Amino acid sequence: GAGVSQTPSNKVTEKGKYVELRCDPISGHTALYWYRQSLGQGPEFLIYFQGTGAADDSGLPNDRFFAVRPEGSVSTLKIQRTERGDSAVYLCASSPPGLAGGSGELFFGEGSRLTVL
Amino acid sequence: AQTVTQSQPEMSVQEAETVTLSCTYDTSESDYYLFWYKQPPSRQMILVIRQEAYKQQNATENRFSVNFQKAAKSFSLKISDSQLGDAAMYFCAYRAQGGSEKLVFGKGTKLTVNP
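Chains as they are written, first to last, in this note's numbering: chain L, 8 to 124; chain D, 96 to 210.
Bound-form chain D, shown alone (with noise of 0.2 Å):
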């Protein structure tokens, strides 16, 4: 079965500055994506940033990048000036090709951006 792990289960970036957060994931599978999807305290989880296993660029959006390593097994967002608005939870979450392709996540790290 697929697993994803972060390793942090808190990080905190001063406004402004670069923050890193980590993700692991396990599977067999060669065709795949995966995400990083943020859950502010509403509840919502929104997209920030996918990635599919088939391309080697690492993904950008804006100022949210990450790191694919594909032999690895890993997948690191970057978040780049970080903004008060960013504090929220971050999953990482990993969804195969084919099956019943579910979304399997992370448990979670809390970012804090502090002023």
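Chain L with its partners taken away, still in its complex shape (with noise of 0.2 Å):
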């Protein structure tokens, strides 16, 4: 497609379930990023990709919040044991190689819109 695609665009859970969140890059991105947007906040960072790669998981809250992206292209969230605190807006964002000389900007998708229960 011609944006970055998420899909569920919305999900309720209850506490305790697992979840997964899709995320499906602008074709030719090598460079895949997670946030999650609490009510009233800005984006938090979560997990950034490069290639198949996670480059960077700091943002990551605990061990219950997994990320995967096996062939370099669509990425996978996977949160276990979701608690009413995880319910959030989940924001995937993709960008083109080589940052240097580039435009710098992440596209972003629509959004997952979690909550818990």
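None of these hints come from the bench; they were simulated from the model.
Any given hint could be a false lead.
As the list claims (entries may be wrong) - In the DSBU-like style, the derived pairs of lysine-lysine whose C-alpha atoms are separated by at most 30 Å in a straight line are: (1) D/K150 <-> D/K173; (2) L/K22 <-> D/K202; (3) D/K205 <-> D/K165; (4) D/K173 <-> L/K18; (5) L/K85 <-> D/K202; (6) L/K85 <-> L/K22; (7) D/K165 <-> D/K202; (8) L/K18 <-> D/K202; (9) D/K165 <-> D/K150; (10) D/K150 <-> D/K168; (11) D/K205 <-> D/K173; (12) D/K150 <-> D/K205.
Source: prediction; values computed, not measured.
Reconstruct the complex from the two isolated chains, following the hints.
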């Protein structure tokens, strides 16, 4: 597709359940980012992939959160044993290779709103 | 660690008038990018304008311009001839060259445009 695609758009789950959120980046973009945006706040960095590998996972809040990008394209954010505090919009973004000399811009999807009851 | 501060949680402007949104940041890097993103209710972040730190000239994009003061670490956004469609959350963001190159966001400013 032309833009970053995220599914599902909305997800309601119960406390303790397992959740997967999917991100399909713009074709050819090697860098992929996950952010979490709580109500009334700016997006907070979770994890960054360059190709298939997680280059920076310093933003993951705890070991219940995990993300993969096995073929260097689609990524899945996985949340185990969900808690009410995990409720937020999860944003995915991608960017083309070669930051230096490029625009530096990240291209965002519309996010997945997760509600944990 | 880099931080971005937006000191105005909410701002309002009359249609056709001008408004300035403030942003300051903290970094020890010399090469970086600064951005203003707009987030309407659809949730998608839309790039409004960007500035490369090595450029002294302030960026402009139609009705949007910035006042970039590198020494003061200030990066304000000016919206001229405000339109109803400009109403949204506006986020200032910083991105260093090198490292993870992640975007660091401020907490945002909610802009209301009054007809």
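Okay, the hints, checked on the actual structure:
no.: 1; hint: D/K150 <-> D/K173; in the structure: holds, 18 Å
no.: 2; hint: L/K22 <-> D/K202; in the structure: holds, 27 Å
no.: 3; hint: D/K205 <-> D/K165; in the structure: holds, 25 Å
no.: 4; hint: D/K173 <-> L/K18; in the structure: violated, 37 Å
no.: 5; hint: L/K85 <-> D/K202; in the structure: holds, 25 Å
no.: 6; hint: L/K85 <-> L/K22; in the structure: holds, 15 Å
no.: 7; hint: D/K165 <-> D/K202; in the structure: holds, 21 Å
no.: 8; hint: L/K18 <-> D/K202; in the structure: holds, 24 Å
no.: 9; hint: D/K165 <-> D/K150; in the structure: holds, 10 Å
no.: 10; hint: D/K150 <-> D/K168; in the structure: holds, 14 Å
no.: 11; hint: D/K205 <-> D/K173; in the structure: holds, 14 Å
no.: 12; hint: D/K150 <-> D/K205; in the structure: holds, 28 Å
Checked against the numbered hints listed earlier, the structure breaks hint 4 alone; every other hint is satisfied.
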